[in-house]
Amino acid sequence: MDSVSIVRDSSLTGSDIVGDLRLDWSVYSDVGRVRDANEDAALVLPGRYLLADGMGGHESGELASEAALLTLAEVEPAAELVGTRAALDQLLDDAQQRIGSIDGFSERRAGTTVTGAVLVIDDDVLHWLILNIGDSRTYRYQNGTLQLLTRDHSQVQEFVDAGVITAEQARIDPRRNVITRALGAGMAEPDADYFSTPALPGDVLLICSDGLTGELPDAEIADILAGSDSAEDAAASLVDAALFVGAHDNVTVIVVAVRNDESVAADPAEADSVESDAGDADSGGHSVIAQNETAT
Numbered sequence: 001m002d003s004v005s006i007v008r009d010s011s012l013t014g015s016d017i018v019g020d021l022r023l024d025w026s027v028y029s030d031v032g033r034v035r036d037a038n039e040d041a042a043l044v045l046p047g048r049y050l051l052a053d054g055m056g057g058h059e060s061g062e063l064a065s066e067a068a069l070l071t072l073a074e075v076e077p078a079a080e081l082v083g084t085r086a087a088l089d090q091l092l093d094d095a096q097q098r099i100g101s102i103d104g105f106s107e108r109r110a111g112t113t114v115t116g117a118v119l120v121i122d123d124d125v126l127h128w129l130i131l132n133i134g135d136s137r138t139y140r141y142q143n144g145t146l147q148l149l150t151r152d153h154s155q156v157q158e159f160v161d162a163g164v165i166t167a168e169q170a171r172i173d174p175r176r177n178v179i180t181r182a183l184g185a186g187m188a189e190p191d192a193d194y195f196s197t198p199a200l201p202g203d204v205l206l207i208c209s210d211g212l213t214g215e216l217p218d219a220e221i222a223d224i225l226a227g228s229d230s231a232e233d234a235a236a237s238l239v240d241a242a243l244f245v246g247a248h249d250n251v252t253v254i255v256v257a258v259r260n261d262e263s264v265a266a267d268p269a270e271a272d273s274v275e276s277d278a279g280d281a282d283s284g285g286h287s288v289i290a291q292n293e294t295a296t
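Under UniProt numbering, the first residue of the sequence shown is numbered 1, with each subsequent residue one higher.
Worth flagging that the hints you see were computed from the coordinates, not collected in a lab. Since the model is a prediction, treat every value here as computed from it, not as a measurement. Glycine included, C-beta positions come from ideal geometry on N, C-alpha and C. Relax, there's no trap hidden among the hints.
Derived CB-CB ranges, DEER-like:
1. Gly246 with Asp223: 12 to 20 Å
2. Ala87 with Val164: 32 to 40 Å
3. Glu220 with Asp122: 27 to 35 Å
4. Leu243 with Asp20: 32 to 40 Å
5. Asp124 with Leu148: 24 to 32 Å
6. Ala87 with Ser3: 17 to 25 Å
7. Asn260 with Glu76: 18 to 26 Å
8. Leu243 with Leu148: 18 to 26 Å
Kindly generate the complete structure, drawing on both the sequences and the hints.
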């Protein structure tokens, strides 16, 4: 398996070649302006781009998000869709057990959201297999339109679905941090949503924690993506915009720009990853509603 590193309180930018695609990516993770610790974490490996937003207090949340990502990193990219989904289900079970064994540093149970994309083969064509548990999100920016590929597992999303509040009201509702599915956090077992879509040159994937979407409406996110010259520019601009309006939670984004490999001059130096510091950190703020119990 490729060497694995967790991105937290830092930024990382690079490129991967998978099949006939070049994937230019950038990750930025920041503690924000209010929290004491950063419980967000991100992981980028060729064909695997994943993000987790931990909960349970400082140490527990950080350990939970790291455990989830290190476990999911074992999935192989560019394999058949059905087999990859089965592998992810097993790895989520493994991550659930790892998180469940974390010693509590507070009364809250360790847990985490998880979302992201893994490249798979479906009918001999590269697709993104999107997975999601919780309220971190994966978007696709395609032909000038931003599309949400995941559905929040949250109390306010249920209110939106029922027509009680609007999506914009949900973004600022005081109950927005109450999530109904998580990895760990006292849940009986992982319950992930999956979605597949072709990996098309020209598309941009945005994977983000709710520290971004809680601060910026989708229209502003789309404008930033439209006005960015690169994945690195987009990721940095998104985090800067969240910080500008207060960044009340940790903010982590992964931006992946898809290109045809043959349209890019081969330059090994371009594929080198460049890491830079983005500051120090500390603590998140989700609570979880389970079907039969509440973990706080």
